[in-house]
Amino acid sequence: MTTIDTKNKPEGSGPAAAAPLLEVDNLHVEFRTRDGVAKAINGVSYDVSAGETLAVLGESGSGKSVTAQTIMGILDMPPGHITGGEIRFHGKDMLKMSKEERRKIRGQKISMIFQDALSALNPVYSVGFQLAEMFTVHRGMSKKDAKLKSIELMDQVRIPAAKDRVNDYPHQFSGGMRQRIMIAMALALDPELIIADEPTTALDVTVQAQVMDLLAELQRERNMGLILITHDLGVVADVADKIAVMYAGRIVEQAPVRELYRQPTHPYTKGLLESIPRLDHKGRELYAIKGLPPNLMRIPSGCAFNPRCPYAQDVCRSEIPPLHEISVGRGSACHFWETVMEGEVRG
Amino acid sequence: MAESPNGATSADPRKIVKPVAQGEPILQVRGLVKHFPITQGILFQKKIGAVKAVDGVTFDLMKGETLGLVGESGCGKSTVARLLMNLESITAGSVLYKGDDLAKLSGRALKAVRRNIQMVFQDPYTSLNPRMTVADIIGEPYDIHPEVAPRGDRKRRVQELLELVGLNPEHINRYPHQFSGGQRQRIGIARGLALNPEIIIADEPVSALDVSVQAQVVNLLEKLQNELGLSYLFIAHDLSVVRHISDRVAVMYLGRIAEIGTDAQIYDHPTHPYTQALLSAVPVPDPDGREHRERIILTGDVPSPANPPSGCRFRTRCWKAQDICAEQEPLLEIRKGLSGLGAHDSACHFAEEKDIVGAA
Numbered sequence: 001m002t003t004i005d006t007k008n009k010p011e012g013s014g015p016a017a018a019a020p021l022l023e024v025d026n027l028h029v030e031f032r033t034r035d036g037v038a039k040a041i042n043g044v045s046y047d048v049s050a051g052e053t054l055a056v057l058g059e060s061g062s063g064k065s066v067t068a069q070t071i072m073g074i075l076d077m078p079p080g081h082i083t084g085g086e087i088r089f090h091g092k093d094m095l096k097m098s099k100e101e102r103r104k105i106r107g108q109k110i111s112m113i114f115q116d117a118l119s120a121l122n123p124v125y126s127v128g129f130q131l132a133e134m135f136t137v138h139r140g141m142s143k144k145d146a147k148l149k150s151i152e153l154m155d156q157v158r159i160p161a162a163k164d165r166v167n168d169y170p171h172q173f174s175g176g177m178r179q180r181i182m183i184a185m186a187l188a189l190d191p192e193l194i195i196a197d198e199p200t201t202a203l204d205v206t207v208q209a210q211v212m213d214l215l216a217e218l219q220r221e222r223n224m225g226l227i228l229i230t231h232d233l234g235v236v237a238d239v240a241d242k243i244a245v246m247y248a249g250r251i252v253e254q255a256p257v258r259e260l261y262r263q264p265t266h267p268y269t270k271g272l273l274e275s276i277p278r279l280d281h282k283g284r285e286l287y288a289i290k291g292l293p294p295n296l297m298r299i300p301s302g303c304a305f306n307p308r309c310p311y312a313q314d315v316c317r318s319e320i321p322p323l324h325e326i327s328v329g330r331g332s333a334c335h336f337w338e339t340v341m342e343g344e345v346r347g
Numbered sequence: 348m349a350e351s352p353n354g355a356t357s358a359d360p361r362k363i364v365k366p367v368a369q370g371e372p373i374l375q376v377r378g379l380v381k382h383f384p385i386t387q388g389i390l391f392q393k394k395i396g397a398v399k400a401v402d403g404v405t406f407d408l409m410k411g412e413t414l415g416l417v418g419e420s421g422c423g424k425s426t427v428a429r430l431l432m433n434l435e436s437i438t439a440g441s442v443l444y445k446g447d448d449l450a451k452l453s454g455r456a457l458k459a460v461r462r463n464i465q466m467v468f469q470d471p472y473t474s475l476n477p478r479m480t481v482a483d484i485i486g487e488p489y490d491i492h493p494e495v496a497p498r499g500d501r502k503r504r505v506q507e508l509l510e511l512v513g514l515n516p517e518h519i520n521r522y523p524h525q526f527s528g529g530q531r532q533r534i535g536i537a538r539g540l541a542l543n544p545e546i547i548i549a550d551e552p553v554s555a556l557d558v559s560v561q562a563q564v565v566n567l568l569e570k571l572q573n574e575l576g577l578s579y580l581f582i583a584h585d586l587s588v589v590r591h592i593s594d595r596v597a598v599m600y601l602g603r604i605a606e607i608g609t610d611a612q613i614y615d616h617p618t619h620p621y622t623q624a625l626l627s628a629v630p631v632p633d634p635d636g637r638e639h640r641e642r643i644i645l646t647g648d649v650p651s652p653a654n655p656p657s658g659c660r661f662r663t664r665c666w667k668a669q670d671i672c673a674e675q676e677p678l679l680e681i682r683k684g685l686s687g688l689g690a691h692d693s694a695c696h697f698a699e700e701k702d703i704v705g706a707a
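Sequence lines, in order, name chains A and B. Heads up, the first sequence is in the working numbering, so the first residue is 1 and it goes up one at a time. Heads up, the second sequence is in the working numbering, so the first residue is 348 and it goes up one at a time.
Treat the hints as calculated values from the structure; they're not laboratory data. One or more hints might be untrue.
Example chain A residues on the side facing chain B (calculated, C-beta under 8 angstroms, incomplete) [claimed, not checked]:
1. GLU59
2. GLY80
3. ALA162
4. HIS171
5. SER174
6. GLY176
7. GLN208
8. GLN210
9. ASP238
10. ARG258
11. GLY271
12. GLU285
Using N, Cα and C, we set each Cβ at its ideal position, and we do this for glycine too.
Bound-form chain A, shown alone:
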């Protein structure tokens, strides 16, 4: 939230800036199933630097979570297959590392917060045990020290009376508290990068506000990189520095947060912004993007968005638009991005 002025500096993606923490480069992932091959990710590239928040925005099936799972190395393989690309962490391709090397990164350098804390936590162990396990296994601490450390962590994520609650089980906590425990777990080993996959989607708005505030504050304190995966345009506007919008396994638009909301350059982003109801006025009939997201086994030829797009022309059905660079850190995968950019966003 503090890093607004990044806009004036060369964007983190520029080669001149400090090397990014994580770079995803032209990643391809597909799922080979009995019914056919689903192309979940078709050439995704993005990067995150320390202290930066990248929001990956997309609807279900757009490939945003699969990208995250691939970065973490927790993709189910098979049926998943990585068919191309690189994921570089501090410049080193993680896809070429041995299992041992990756294990050292996973959880310690890059950790993940999942959407549903109740199913991500083990119901038969107390939260204190699950937190302490991280320290005994990875840091070789004694059980006693590990327990003290987990109380400290629970304090940091502001769980009231952490000392008394350390032996409670996940089901004894409320949804918001469970999500805090997930955050505590992700922070335990001082990671450099956190991937949060819909961290507040299951929570009520007042609790969501608490959890997002906490996450942003901890990120600022520790200068961590954050990849926030979400479908909520409101949450993104609140915390992100830059945004990657995904559709059918591709990034269709990439931009610093303010520019994206002020002047979208891809019809899909524009449609999304127009289709959300507003809190501050009633508004007329909502704009609805016609049709449905494509089946990943039969992605339309050319631009995957063309059957739903009001700007579509013949070229959109035959040629896949590359990510045109509009300005530094800003790109649109639309043949007609200039026309889209000129149009007003109807609120």
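Starting from the structure of chain A, add chain B where the hints point.
Just chain B, lined up with the frame of chain A:
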């Protein structure tokens, strides 16, 4: 929708109930209470307490209007829906449908009333039976109320309904898994409309859908309301969607209504601290000025409905709380000193207007 099958015979049981003019109350809820008992013991079950899911809720639903019901999980909004549908027995209070108390009706009269109140559920994945075809799902209400569509006419009626909700009428023999989430929700809506009801109770009908599909379904619900003159009780936790679709909005907290009024009264002139906190917590899809946005962060969690706080239920999390809040239950009424759009029912001793949304 074709109204032709209606009123074909004079012995139609629906004629028991009187017609209601546009803007008149069609459903009156008075002091609605639902307590779920907490029991202990296996052989001799002893009641040791009660979860006070709904604890004195009063509101009217007018004909042709949409009443939005918002609140966080556990506030009792879904229980209200189930009580109105007669899916749970009422502990105390009453639900009057066109002046008739639902609890006192039985037999044919109750069946006729139930025909007129239908429900659309949240999760389009679990609310449709995977082993039934679309024709069976949408046509099933006619098994219970055969007077609405005679047997030979059902297929045509189902196809009409599919067309009405924007699905291909030729897909009548498909199964739910062959449809996407948004399409399934349309099937759920078609099923709700099958019996030409007057009231639709929609419990989180769009919260399981993606943003682009959500707009389609919201627009469909509005179109159907205009065409068929339906009254909606629209339950949701997404405050932006509720504002968009509702004429009036009720905010619930721990089994009670905290504040009720028109959409402009609640959103632009909220007077209850809980409503204000709720509105300020909604992330606004506009990054400009996000550093200056005032946000009321509530501390702690919602107390357990088995043991709600005395007096005002919100006082444990309220920054305005004083002694009187613990002693005296604030009534849902218009407070002195409030004028204009701020003058609407609010259950707070210290109700005061505060512009939350406009300030953002």
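Against the structure, the hints:
About 4 angstroms separates the beta-carbon of GLU59/A from the nearest beta-carbon of chain B, less than 8 angstroms, and the hint is met. Given hint, GLY80/A at the interface with chain B, is violated; its Cβ is 22 angstroms from that chain's nearest Cβ, farther than 8 angstroms. A cut of 8 angstroms between beta carbons decides the hint on ALA162/A: the least distance to chain B is about 15 angstroms, and the hint is violated. With a least beta-carbon distance of about 14 angstroms to chain B, the hint placing HIS171/A at the interface is violated under the 8 angstroms criterion.
The restraint placing SER174/A at the interface with chain B holds, with a minimum CB-CB distance near 5 angstroms, inside the 8 angstroms limit. The criterion of a C-beta within 8 angstroms of any C-beta in chain B is met by GLY176/A, whose closest approach is roughly 6 angstroms, and the hint holds. This hint holds: GLN208/A has a C-beta 7 angstroms from the nearest C-beta of chain B, less than the 8 angstroms allowed. Taken as an interface hint, GLN210/A checks out: its beta carbon lies about 6 angstroms from the nearest beta carbon of chain B, inside 8 angstroms.
For ASP238/A, the suggested interface contact is upheld, since its CB lies about 5 angstroms from the closest CB of chain B, less than 8 angstroms. Contact between ARG258/A and chain B, as hinted, is supported at the beta carbon level, the nearest pair being about 5 angstroms apart and thus within 8 angstroms. About 7 angstroms separates the beta-carbon of GLY271/A from the nearest beta-carbon of chain B, less than 8 angstroms, and the hint is met. Of the supplied interface hints, the one on GLU285/A holds, with its beta-carbon coming within about 6 angstroms of a beta-carbon of chain B, less than 8 angstroms.
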